Amino acid sequence: MEGLENITKNDTHFKDWLSGQPDKDKCLTDNYIDINQSVELKGFEDFFEKRRNKLKTELQKLQK
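Sequential numbering from 1023 applies to the sequence shown in the numbering used here.
Certain hints may be false.
[As the list claims (entries may be wrong)] Below are the SDA-like pairs computed for lysine to any residue, each with C-alpha atoms no more than 25 Å apart in a straight line:
#1 Lys-1031 x Cys-1049
#2 Lys-1072 x Gly-1042
#3 Lys-1048 x His-1035
Hints listed in this document are in silico derivations from the structure and should not be mistaken for laboratory results. Bear in mind that the values here come from a model prediction, so they are computed numbers and not experimental data.
Whenever a hint applies, use it, and build me the whole structure from the sequences.
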């Protein structure tokens, strides 16, 4: 993501930013987030844990 676009994204709540994306599912998949995962703040711990596990799995694949 380029400079100004990244600054704009960082100034926006993730849920709001995501709803403005033309291909939400691709955006989630590209960022190792389950398509059906809640992005509400109240479910942050679950969101964090699931994404952490996906990232860990992908990193382990790269080590092989």
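Here is what the structure says about each hint:
1. For a cut-off of 25 Å, the pair hint linking Lys-1031 to Cys-1049 stands: about 13 Å separates their Cα positions.
2. As the CA atoms of Lys-1072 and Gly-1042 are separated by approximately 23 Å, the hinted pair is consistent with the 25 Å bound.
3. A C-alpha spacing of about 19 Å is found between Lys-1048 and His-1035, which places the hinted pair at or below 25 Å, so the restraint holds.
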